[in-house]
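Colleague: Chain residues, written in single-letter form:
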Amino acid sequence: MVAMRNEQMTTTSSDRPNRRWAGIAAATALVVVAAMLPALGQTTERDEVTGVIRGAGASALALAVPPTEAGSGVRLTHAAEIGQILRSDLEYSGWFGLLDPQGEGRIAAGQLDDPQEWRRVGAQYLVLTRLSAAGNRSRLNVRVLETSGGTVLMDKTWGGSLPDDIRRLAHAASDAVVEDLTGRPGIAQTFIAFVSRRGEAKEVYLMDYDGARVRRLTSTDTINLSPAWSPDSSELAFLSYKGRTPSIYLLSRTGEVTTLRPRGGELNAAPDFSPDASKLAFSSDRDGNSEIYTYDLASDRETRLTRHAAIDTAPVWSPSGREIAFTSDRSGTPQIYIMSADGSNVRRLTYEGRYNESAAWSPDGNRIAFVSRISGRFEIVIHDLGTGRETVITSGPGNKENPRWAPDARHLVFSSNRDGRYAIYTIRDDGTQLRRLTRGTPSFTPDWSPISGARAR
Amino acid sequence: MKPVKPSISIASLLALALLAALVAAGTGCRTGNAIEPTSGTVPPAPERVEREPGLDGPMGGEVEELDAEGFAEEDLDFEDRFAEEEVEAEDATVEELNEQGVLETVYFAFDSAELSDQSLRTIEQNAEWLEEHPDYHVVVEGHTDERGTTEYNLSLGARRAKAVREHLVRLGVDGERVRTISYGEERPRETGSGETAWAANRRGEFRLVEP
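Taken in sequence, the protein lines are chains A and B. Using my numbering, count along the first sequence one by one with no gaps and you end on 457. Using my numbering, count along the second sequence one by one with no gaps and you end on 1211.
In case anyone wonders, no lab produced these hints; they're calculated from the structure. Values in this document were obtained by computation on a predicted structure and should not be read as measured data. Check each hint, because a few of them may be wrong.
[Unchecked claim] Okay, derived cross-link-like pairs now, EDC-like style, lysine to aspartate or glutamate, Cα gap no bigger than 20 Å in a straight line:
| no. | chain 1 | residue 1 | chain 2 | residue 2 |
| --- | --- | --- | --- | --- |
| 1 | A | Lys-156 | A | Glu-69 |
| 2 | A | Lys-242 | A | Glu-256 |
| 3 | A | Lys-242 | B | Glu-1141 |
| 4 | A | Lys-242 | B | Glu-1096 |
| 5 | A | Lys-156 | A | Glu-81 |
| 6 | A | Lys-242 | A | Glu-200 |
| 7 | A | Lys-156 | A | Glu-200 |
| 8 | A | Lys-156 | A | Glu-179 |
| 9 | A | Lys-242 | B | Glu-1210 |
[Unchecked claim] Computed list of chain B residues with no C-beta within reach of chain A, every gap over 10 Å:
| no. | residue |
| --- | --- |
| 10 | Val-1094 |
| 11 | Gly-1101 |
| 12 | Thr-1150 |
| 13 | Glu-1190 |
| 14 | Glu-1210 |
[Claimed, not checked] Going by beta-carbon spacing under 7 Å, a handful of chain B positions derived as facing chain A:
| no. | residue |
| --- | --- |
| 15 | Thr-1093 |
| 16 | Leu-1097 |
| 17 | Thr-1149 |
| 18 | Tyr-1152 |
| 19 | Ser-1155 |
| 20 | Ser-1182 |
| 21 | Glu-1186 |
| 22 | Pro-1188 |
Glycine included, C-beta positions come from ideal geometry on N, C-alpha and C.
Just chain A, same shape as in the assembly (with noise of 0.2 Å):
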């Protein structure tokens, strides 16, 4: 699955620096997802993760998540399906591996909310849920232990109505044991902006980071395009064609529209929020040819930071706000620059290949994905800021195009044709847990919003 791009690369994947490669968690016999944790240097508050590391030699978290509990009043159905999607949640999360919900039969049925019978087939950690009737209203407690002397680490509730409620009472319970059990805050909450056909249009949509409740933003008919986030999430820039030349526009929460009225140029593209939401960095054709400028949303001044005769694209800001990365086909073809976040010291990244562009900073701050064109098709790699290294990390049919990162920096979301038409895909960091998101009508263009404006919501 992970292919490495340049000869250094050739070590294998556990002499990696700062990582390691989970396995199989042969002492246990049970079936743990492999996942990458990260190692002593760079993790956590959290002792709890990186003594597991050290301690197992293999080791995404023995998580035992029991069935949820129906109290009287609830619905076996609600009860049922919150238990799968929080499953579903803490497994895609990458931390964990999940055992059998019934311990494989080696628990009594009357025993699965005991950490003692838990400890006794491997697992480290007990999720008990529950699901209770309150009037209208419906209450998830959600209760963590510790299997080795029944600590209970965690213990929130939440209320909402079911069954509206049923997929976002269950990731805020997942993004809650992750967050407990990691010390990093989980995904589950957040959403995947996006466009897809519709018709001869292309329209703005929204959905759950898993697929889930796709919901239309934008109705204009025309064609729209690369949709980016704001850090709060509280409003998503794109590009649309609905006036006389493709400009930038603002879509808020609330559903107002704002035009970037643009300073000229025919063709004004490719926005991207500034860490600090004060800016937006896009590109223009208004001095000739494809340049890369900074807009400022309370000055409403605007900054030239590229001049050169080739095309000049596709900026991303650094989490930091630092540096913007960038396409440019300066050397002939297009490769990926960076650029301090004035215009000065610009340098070139990428040199295996003649066609890289597309670049995503990770919100850790550490790599860079791009797409890049191999064997006549273009798969996900991720560059390693701190080695130089290159990975891989797509294979198969079809193209793989616009990576973004999820906010935990461990998920990515993109398009591709892998199975025909094009769709929104996420995969994790590594390679592995690639998910189909959308089906039928052709998507593209998407972006995984921040966690902030996911929790404010």
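Got chain A sorted already, so can you dock chain B onto it with the hints?
Modeller: Chain B alone, transformed into the frame defined by chain A:
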């Protein structure tokens, strides 16, 4: 709907041929008599067009008359057609002209905005048409094939459209009459993958618009 451009050239050809026939016939063609319709047999027009007047030598009065007669008919016909054309040209909306493809599309190589010799010739023809029809403005649309990602292809489409625009202006078309728009890979002419579709989609299209 009759294509404007072809009928103009057919009409011109006919006019030329008939004039030539006239010259060969020599005399009397402008008289009122000559254009009086008669009951005589009129040879089919193509024959006359093909005839080399000089080789036919002096013709008898009868032939002369027929020719003159023929001319008269053709002349009427020609006038009618011409009139029809004028009406059409006036009535044709820009959409109709665009559908007729009065301005030809140019094509590009992969990841290139370079104008081939063929493209340069096509742009010259289009420039001529625009010179002859100063009432229209034109939007040059830059398109790419499906390969590559959205943003880069938008810029590549823009670069193609601008290259075409620059050449039009170089040929004397007023820059105010030409704007560009890039559709990147969004508006393929041919769906599907493969070099045939890709080649058809890497293009610069000319869309006439009202000023």
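Colleague: Now tell me if each hint is right for this structure.
Modeller: Going down the list of hints, with the structure as the test:
no.	hint	result
1	A:Lys-156 - A:Glu-69	15 Å, holds
2	A:Lys-242 - A:Glu-256	15 Å, holds
3	A:Lys-242 - B:Glu-1141	16 Å, holds
4	A:Lys-242 - B:Glu-1096	23 Å, violated
5	A:Lys-156 - A:Glu-81	19 Å, holds
6	A:Lys-242 - A:Glu-200	13 Å, holds
7	A:Lys-156 - A:Glu-200	47 Å, violated
8	A:Lys-156 - A:Glu-179	13 Å, holds
9	A:Lys-242 - B:Glu-1210	19 Å, holds
10	Val-1094	15 Å, holds
11	Gly-1101	20 Å, holds
12	Thr-1150	5 Å, violated
13	Glu-1190	16 Å, holds
14	Glu-1210	13 Å, holds
15	Thr-1093	19 Å, violated
16	Leu-1097	20 Å, violated
17	Thr-1149	4 Å, holds
18	Tyr-1152	5 Å, holds
19	Ser-1155	4 Å, holds
20	Ser-1182	5 Å, holds
21	Glu-1186	5 Å, holds
22	Pro-1188	12 Å, violated
In the structure shown, a violation is registered for the earlier hints numbered 4, 7, 12, 15, 16 and 22, in ascending order.
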